[in-house]
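**Student:** Here is how the chains run, residue by residue.
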Amino acid sequence: MKRDRFYRRLFEIIPGALTWGTILGLFAFAFIRPVWVAIFVIVFDLFWVTRMLYLTTLLVFAYRRLAREKGIDWVKRCQELSPVDGLKCSHIYQAVLFPVYKEGMDVLRASIDALMRSNYPKDKMIVVLSVEERAGAEPWESAVRLAGLYKDKFFRFIATRHPDNIPGEIKVKGANAAWGAKVLKDFADSRKIDHSHIVISCFDADTCVEREYFGCLAWHYLTNPDRNRSSYQPIPVYNNNIWHARSIARILELASSFMQMIETMRVEKFVTFSSHSMSFKTLVDVGYWPVDMISDDSAIYWKCFLHFNGRYTVIPMYVTVSMDVATEKGIIPTIVKQYRQKRRWAWGVENFPFVMMGFRKKNSIPLGVKIRRAFNILECHYTWAVWAVIVSLIAPLPLLFGGGLFRQTTIGYNLPSVSAALFRVSMLTVLIFIFITVKLLPPRPPDVKPQKRIIMIMQWFFSPVVALVLGSTPAIDAQTRLMLGKYMKFYVTSKHRHISKQDIA
Amino acid sequence: MKHIDKIMRAVAFYTAVAVFLTLLPIVLSYSLGYKIDYNEFKIYKTGMIYVSSHPAGANVLINGRLHGDLTPTRMEELKPGTYKVEVRREGFYPWERDMEVRPNMVTKADRIILFPVAQEMKKVATSEIADFAISENGKIYYFTRYGLFRSDIEGGSLKKLSGYSAWPKNIIGKKFSPETDRLLYFDGYKVFVIRLDAGKAQPKGGETAKVEEVFASSDPIVDVFWYPGSSYIMVVSEKDIKVAELREGALKRNIASIYKFNSRPRGVYYNEDAGILYFTDKKSDAVSEEDRCLYKLELKENFFNNMIRMLVKRETDEGYEKR
Chain A
0 MKRDRFYRRL FEIIPGALTW GTILGLFAFA FIRPVWVAIF VIVFDLFWVT
50 RMLYLTTLLV FAYRRLAREK GIDWVKRCQE LSPVDGLKCS HIYQAVLFPV
100 YKEGMDVLRA SIDALMRSNY PKDKMIVVLS VEERAGAEPW ESAVRLAGLY
150 KDKFFRFIAT RHPDNIPGEI KVKGANAAWG AKVLKDFADS RKIDHSHIVI
200 SCFDADTCVE REYFGCLAWH YLTNPDRNRS SYQPIPVYNN NIWHARSIAR
250 ILELASSFMQ MIETMRVEKF VTFSSHSMSF KTLVDVGYWP VDMISDDSAI
300 YWKCFLHFNG RYTVIPMYVT VSMDVATEKG IIPTIVKQYR QKRRWAWGVE
350 NFPFVMMGFR KKNSIPLGVK IRRAFNILEC HYTWAVWAVI VSLIAPLPLL
400 FGGGLFRQTT IGYNLPSVSA ALFRVSMLTV LIFIFITVKL LPPRPPDVKP
450 QKRIIMIMQW FFSPVVALVL GSTPAIDAQT RLMLGKYMKF YVTSKHRHIS
500 KQDIA
Chain B
0 MKHIDKIMRA VAFYTAVAVF LTLLPIVLSY SLGYKIDYNE FKIYKTGMIY
50 VSSHPAGANV LINGRLHGDL TPTRMEELKP GTYKVEVRRE GFYPWERDME
100 VRPNMVTKAD RIILFPVAQE MKKVATSEIA DFAISENGKI YYFTRYGLFR
150 SDIEGGSLKK LSGYSAWPKN IIGKKFSPET DRLLYFDGYK VFVIRLDAGK
200 AQPKGGETAK VEEVFASSDP IVDVFWYPGS SYIMVVSEKD IKVAELREGA
250 LKRNIASIYK FNSRPRGVYY NEDAGILYFT DKKSDAVSEE DRCLYKLELK
300 ENFFNNMIRM LVKRETDEGY EKR
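Sequence lines, in order, name chains A and B.
If you use numbering that gives the first Met the number 0, the first sequence corresponds to residues 0 to 504, in order.
If you use numbering that gives the first Met the number 0, the second sequence corresponds to residues 0 to 322, in order.
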């Protein structure tokens, strides 16, 4: 037990220690060995530019795939499939679980209406609203009203209340989702529905699915021989309120959409993120979402990965689910909100100790796999935390603290111009981002002026500034907290919809 | 992931790796000042020369060969050694220097000023001018044999201020009062003040400036300063520092010697803003003329006024020199 605690703390400390070691080490070396730091900065800049170009190429591939698969009638395809392992399209139930905290009726209703618009047979769909008891009476009343409104529209519409203070749970979304899944299990068992016939999608309350989402999901589920050893990940876009969101928030959310698109091309390190789907049987077998971790979306993947001894994958689906941009009316509240949201995402670094502790106990996972996956988690969080700091804050340090002698060296003289040239090359990727942004944008609402489209394009030229402010700092914050054992609490990103005059009418 | 996607991703990945590995030695060697000789497959250290000039846009010749870019520019990948650098621009005197290039270092010549070959001269005033003074408010005062004249800074709006023409032959210094309403000038033994606003008190058509001798010294004058308010001057002679009151038309002026030098001062500086006078003097117990100290005398207004008051009083009692 004591040994376990020691190792857990050690694995909690490693990411933050690496990040701070890099930052402070470079800072110190800028004084004593400015030439070394200058060389490091130039190598890092070149690495970063090459990486940007490579990832942007993957983004283009992912976008092409998304565009290509857009017109596919997935339900029809499913129905045309001959039975696989005795499983047919008509056997598949789509369970949609919304863990709800204080999201308003308007947010939930839009999400459920999107389910209604999907072309999957509604008599094969089960909707579960799992409302936090501690959120008070209002969300529960909304859920009950919604259950009344939609009870005849789906195979089953369940509204349940997640009790507060269940032993072993902390106040996180995963606990609520696990509760909802248990209620679903009771229902499925009462109806004698085979768990492997249910595909469960755990959605944020503001998630609006595409029409073809469930068809696409069912097709992937049916055609995947390892269907129970896979999660199914759509591409999250933040289109619900994008026309009304602040530029800074739009850039960050679009960037995270792009990052998810890129990840679909790197399946060997692909991990579930935000709204995702999986076999209900698997979910029950692994013991549901973790009830004591904030990053439940990725943690469930790692839980399954450990459960299946490393034989668990995420299947990318080239359909989108649309969510809300975390925005506020003012610029400062928007930055604060974005910062908190990104810090929660960066808290995904808690997966590192979780996975490492799992690896210690799982001898059945090959060592090579353990090393590769541990490196993937560490590398992802490490680069997230240090890249903006190195590019923006460390790069000028040799010139500032290196002294007159350093400034007389050719590297001291060339450092700013070489860094600037590499930065300009990296800005070429912005053109691709603009193109894909325009392509992914939903139609402009009538209350938004046409000029806003220009802002949607021009905003990308401010992305370096946004990256400096909100690029690394949330990740450093999260890693530092984990390193110091100051564990984060779940911060719920509040969702408010912009109500246009048309909506009111 | 489709098979074709896998292939495309692999191609993209290995291309990126190849680009990184290819560019890394090129970028690093360039940044560090190394040059790769691909023909001989050798790497050698180089240095750089940076040249900037005012005005910019000058040609740079290095060992007689024209460099492609105009200033400001840099010449890279130079083998260590000495180079003759010339900066030339038409209409300006050329600049040249032998500059040493050291390995991995930048040699800078970044404060080159190119002076024009032919200055454009403009005649401001044509009269027989003995001397002149330019005030901070952009007026030129001419001391001529026909009197005192004033023009604007371009020589226009010329106006005769006074018919006075007995200018000393060797004017040592000229100083406007802080309020620029008076101008003092002095030669070796006398101080004169021109009241530039004297015309205000005169009937129309009268002289607008009035020249007055305000101080005569028996010892050679080193420097003269205005005290703020323009009602006193400080006269530093080789023997002492005196303050003299400027009272218009006074037959007798209050004059006080506030410091007597042990030896002729070699440097005098007056900070008008702080009201502090700095000077060097030989120590009283010094054996050698070189054994000197720098002194400072704070002449703030209140102190100065009180001192003057005190001196005036003492003057009566002790028979201080009065003019």
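Since the hints were made in silico from the structure, they are not lab data.
Backbone N, C-alpha and C define an ideal beta-carbon position, used for all residues, glycine too.
Do not rely on the hints blindly, as some may be mistaken.
Stated by the list, open to error - Derived DSS-like pairs: lysine-lysine, alpha-carbon spacing no greater than 25 Å straight-line:
hint	chain 1	residue 1	chain 2	residue 2
1	B	K138	B	K159
2	B	K174	A	K268
3	B	K78	B	K174
4	A	K369	B	K107
Unchecked claim - Partial pick of chain B residues on the chain A-facing surface, computed with a CB cut under 7 Å:
hint	residue
5	M7
6	L31
7	I35
**Student:** Tell me, in ascending order, the numbers of any earlier hints that this structure violates.
**Tutor:** Hints 2, 3, 4, 7 contradicted; others consistent.
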